[in-house]
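In order, the protein sequences belong to chains S, V, P and A. Here the first sequence is numbered in the numbering used here, starting from 1 and rising by one per residue. Here the second sequence is numbered in the numbering used here, starting from 1 and rising by one per residue. Here the third sequence is numbered in the numbering used here, starting from 1 and rising by one per residue. Here the fourth sequence is numbered in the numbering used here, starting from 1 and rising by one per residue.
Derived from the structure by calculation, the hints contain no laboratory data. Note that this is a predicted model, so its numbers are computed, not measured. Be aware that one or more of the hints could be misleading.
Interface residues of chain S toward chain A, partial, derived using beta-carbon atoms under 7 Å [said to hold, decoys possible]:
id	residue
1	P52
2	Q201
3	S253
4	A290
5	P328
Label-pair distances were calculated between CB atoms; the ranges are [what the hints assert, rightly or not]:
id	chain 1	residue 1	chain 2	residue 2	range
6	S	G8	P	K305	56 to 66 Å
7	P	K11	S	P78	30 to 40 Å
8	V	F76	S	Q169	47 to 57 Å
9	V	G228	A	A19	19 to 29 Å
10	S	T10	V	F76	28 to 38 Å
For glycine and all other residues, C-beta sits at the position ideal for the given N, C-alpha and C.
4 protein chains.
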Amino acid sequence: MIVVMKQGATKSQIANVTARIEQWGCRVHLSEGEERTIIGVIGNGRPLDRGPIERMTGVERTVPILRPFKLASREFHPRDTVVSVNGVKVGDQQMVVMAGPCAVESRDQLLETARAIEDAGAQVLRGGAFKPRTSPYSFQGLGEKGLRLLAEAREETGLPVVTEVMEPQLVPLVTTYADILQVGARNMQNYALLHAVGEAQRPVLLKRGMMSTVEELLMAAEYILSHGNDRVILCERGIRTFEQYTRNTLDISAVPLLKQLSHLPVVVDPSHATGKWELVEPVSRAAVAAGADGLIIEVHPHPEKALSDGAQSLKPARFAALMRGLRPVAEAVGRTL
Amino acid sequence: MIVVMKQGATKSQIANVTARIEQWGCRVHLSEGEERTIIGVIGNGRPLDRGPIERMTGVERTVPILRPFKLASREFHPRDTVVSVNGVKVGDQQMVVMAGPCAVESRDQLLETARAIEDAGAQVLRGGAFKPRTSPYSFQGLGEKGLRLLAEAREETGLPVVTEVMEPQLVPLVTTYADILQVGARNMQNYALLHAVGEAQRPVLLKRGMMSTVEELLMAAEYILSHGNDRVILCERGIRTFEQYTRNTLDISAVPLLKQLSHLPVVVDPSHATGKWELVEPVSRAAVAAGADGLIIEVHPHPEKALSDGAQSLKPARFAALMRGLRPVAEAVGRTL
Amino acid sequence: MIVVMKQGATKSQIANVTARIEQWGCRVHLSEGEERTIIGVIGNGRPLDRGPIERMTGVERTVPILRPFKLASREFHPRDTVVSVNGVKVGDQQMVVMAGPCAVESRDQLLETARAIEDAGAQVLRGGAFKPRTSPYSFQGLGEKGLRLLAEAREETGLPVVTEVMEPQLVPLVTTYADILQVGARNMQNYALLHAVGEAQRPVLLKRGMMSTVEELLMAAEYILSHGNDRVILCERGIRTFEQYTRNTLDISAVPLLKQLSHLPVVVDPSHATGKWELVEPVSRAAVAAGADGLIIEVHPHPEKALSDGAQSLKPARFAALMRGLRPVAEAVGRTL
Amino acid sequence: MIVVMKQGATKSQIANVTARIEQWGCRVHLSEGEERTIIGVIGNGRPLDRGPIERMTGVERTVPILRPFKLASREFHPRDTVVSVNGVKVGDQQMVVMAGPCAVESRDQLLETARAIEDAGAQVLRGGAFKPRTSPYSFQGLGEKGLRLLAEAREETGLPVVTEVMEPQLVPLVTTYADILQVGARNMQNYALLHAVGEAQRPVLLKRGMMSTVEELLMAAEYILSHGNDRVILCERGIRTFEQYTRNTLDISAVPLLKQLSHLPVVVDPSHATGKWELVEPVSRAAVAAGADGLIIEVHPHPEKALSDGAQSLKPARFAALMRGLRPVAEAVGRTL
């Protein structure tokens, strides 16, 4: 941390700041310029809280030097983390495609989709049983019945299942049925939920909040990791910007950036990012080319009848075509699919 | 709802859309232009879900005509709602100032602050017992001990207490101690929490998410209202933008806009909106002038020692000066303080 | 400037950076932490260009310590600048309201408006002769004929005139007619234009770009100041965000922030910021309460017939009511109007 | 266009709106719902200006149905436009890479770069002679001397040259030397400049403004097209968001979206979008995979000595490696490079 003192800060203000820092067991380097005095803080190995210093009299601002995340950082853990789920490895040389309906609606819908995506080469089945919906008047999901249908689809296809959990107290229930617990974008900073999935014995798919920075995403991962669960998969799903043609703006640069900053696997959700099925295929190719470890894609046998988010869902035939088109792109960047 | 068909949509596609709409008990108006056919939907009084139509073949997009919120809307409920809390009325001619520390840290800190803000004219005591923090390494609040201190401060000063609740299962506990339940910005779309406070017998202070539109804020209020709790206070606390000098960007226009669209009272949080104590006073004046029904302001006896967000906290003397400065502004817009 | 070296930067990389900095006539302070070496640069009084250092091998990033603007900064020039325009003083104790139509459309429209705003107490007449329009098919302004009408309105009312200039080569023409040259939001970083108005002998009203930071606004002012024109009036007119109910999001905190960082006067444009006439009045009050030195407001005798931006224009009677309502707010914050 | 009347709009208000629309030679469809009356406008083939209707009494809002751009739209011109520049075809099956330094600094720097990028397979040389810089104290480019060096590099390598023009009156000068005129992001809505390049006999590379929507980019293209120049190349170069790790946020979805909405070729600038050379390669691959027709990339022989934007420039060897890595990606999506 660097402390920038105000123009005209007094010697005693500087001395107070210095004393406070040394109390923490840190060392101090003073640098007196003509217009400002700068205090360099040489840390004690633990993350520092800039707040208390920032409020001291005579301090203009502080500047962080180290990243605030540690367990999630590549500096701390240089090798790629590979998350294994029932034999599927996320973060390995082979890419992983997760696919399925936005919401589980019925046995027929789910089984038809599960078989179709398995045929097309997907390795994980996605489907929402509990749905976060902006309106209290919209379909909220089938709940536990949806979880049972997901488990049944897994029995039949062998595909592991990822599904969203929205409340800490539902983590035990969802863990009974699901292979990967999804934390949705709206809950990325629901700390009670991060705590609960951090203590669960299940991999976690952590979606970036629609207005969260890359650093905040990694801090959310840090919460989960700090509770003892090191099987975290990061998911870029688009951020909110002023552009309104697409539902969100996919931050494609976040993919290589996250791979640089962190050892955790990164998957991309082109369906929520764009909100339009006709953009899902080119954006999926872009994600693979940028180095994503996987994709999570909405597929619905009859999107025009879907109870949620059908506008961004592919039909099975289109999904199969997308998978065929992705393979050469994956190979072009040294991956398999 | 208006349905815009694609250029070249066939007669049978138009017929299918029409049939679907009529199934819902709605009527249809066709308008055939040279380049597009437009289908006007005349509703049945209930909110329509645009999704199923949007996914039908031949449909380009749909356009909502009515607002998606109802219970929260002024059209539905033209008179201002006044929320009463232990004799304090929020949304009435007299403005209400809520003040106190970001986090409850100790009995001394809280009581000293509570007495100071009461002397200065504040009517509600705020203070966090459970704190949402970006980093797992930051102070997370005193928990129930903090709630007990708040209750003690209420005993001593008579000020009702507002404090944040972060998890549905903590709603009963927090309700035992608090007079107003605060839903924080990060939890504005935590639907399980909205459900829980919707069933609680307490007023709710609902903060706008930093990534949420005015419409989404009103939809979150709609969740609470639809669960039977009609004592909701809206809070504008700044949104996230590209500007980095301030912590957030206070959306001052949202104050008169919310008052137009809704009957619920609106308060403003200048402390979180700016993140800088020296901006709190001018921004508070602006909020009052724009028509806010109240303010929620961070005050700490020793901000340089605060365990969270001290940089945006006022000292008691400064807060008292702010209150004195606000009174003529309130009077200038026909309110009292 | 602070230079943060990468983890594991070599001694020779550090020596290279140090040598480069010393070449500039600056001094260096080394601070070797356990994870990073930090190099503090003690400047030579001139702004430093961080770029060349940032690209040197072994450098992770640089951190600016001083603000990049100088002539525009309050540190450099502690006293408020008051810009005088034909006897009207912008930045003084008395607030200044500029009003008039978005676009000059006809002699009748302009004179009717000019008389009405003068009666209501406005001190400057605004009106566009050259209009920046998103669509090539929209009305582009009357051009020089509009300038002549503005000059005629000034003759008749005595009100000085502010109007936009969009091209460097039109600065001489516009200067012939106008008392204040307006640089529009879309042109805030049109450097050729900033250069040209910097050399003109006229006050400049510089509008903040819709996606420009406060710092970029001050850098644009710096361009004008550095070309010898020190009569610059800053204008906050809303920034672009994800919120779509209003046309832009007025950054009310920018008003006190600009007053802190700079000595230049600050006016607010509530008409463009909100895009809705019914929000103009409360937002104007907020701007005054926040410490703005003035307002620029759209008024049109028949907004429903306006050729541009009528939706945000007030009728004269409404404007007169707004002015009456503003006076007590101005007095409440120690100003006159 | 659809006109939504306010709740409670009177018959005479509706009649006035209807009369106005019919004056324009358009037809009207009335749709009376329980809560709102909707007026559908059946156009006369020309773009309608919504403003005048929006301001009429009783009107709540209007909704556009047709896109406001025409010449730039694929509906109007279904076949891809291919822009030919001295034998290089932009928008054809073969992708085009433009490369070179951000700013032309010296003959040696430019020629060394030009030879290197030609060897690596680039087909167009980029380099700035006039530079838009946020600070008046930064290097502003070599001006005409830079243009002469660009022409000399073209002589030597045969590569056509793209360079930025910042002012309308410099268009003739820049046209003397350059093969493609670049309109920079800050000037995307500099209408005088769009007019001037629209009348020049040269292809135009039009960069999306950092604060501009896809629709606004297409409207800026419409300006150029409407002045008779149909050789416009669109360029996505990142938009401004809250994320600060990267300089801008590349809107990768805009690539397929622009290809859908428009017939114009689309290139991507990964250097400005990310601001970090180490992200340029993965983001370039993503752009190719998403369907871009080309790339524009900064290359500098000694980025650590560059006078502008070195942090995002690749060294020649790294650029050659990037080109090798791109070829299989291009082939994977059916293109050549």
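So, going through the hints one by one against the coordinates:
Given hint, P52 of chain S at the interface with chain A, is violated; its Cβ is 24 Å from that chain's nearest Cβ, farther than 7 Å. Proximity of Q201 of chain S to chain A is violated relative to the hint, the smallest CB-CB distance being about 32 Å (cut-off 7 Å). For S253 of chain S, the interface hint holds, since its Cβ comes within 7 Å of a Cβ in chain A; the closest pair sits about 5 Å apart. Restraint check, A290 of chain S versus chain A: the minimum CB separation of about 4 Å is within 7 Å; hint holds.
Because the smallest distance between the Cβ of P328 of chain S and any Cβ of chain A comes to about 4 Å, under 7 Å, the interface hint for this residue holds. For the pair G8 of chain S and K305 of chain P, the beta carbons lie near 57 Å from each other, so the given range of 56 to 66 Å is met. At roughly 23 Å, the beta-carbon separation of K11 of chain P and P78 of chain S lies outside the given 30 to 40 Å, and the hint is violated. For F76 of chain V paired with Q169 of chain S, a C-beta distance near 33 Å fails the hint of 47 to 57 Å.
Taking the beta carbon of each, G228 of chain V and A19 of chain A are about 48 Å apart, not inside 19 to 29 Å as hinted. Between T10 of chain S and F76 of chain V the Cβ separation comes to about 59 Å, which falls outside the hinted range of 28 to 38 Å.
When held up to the earlier numbered hints, the structure conflicts with 1, 2, 7, 8, 9 and 10 and fits the remainder.
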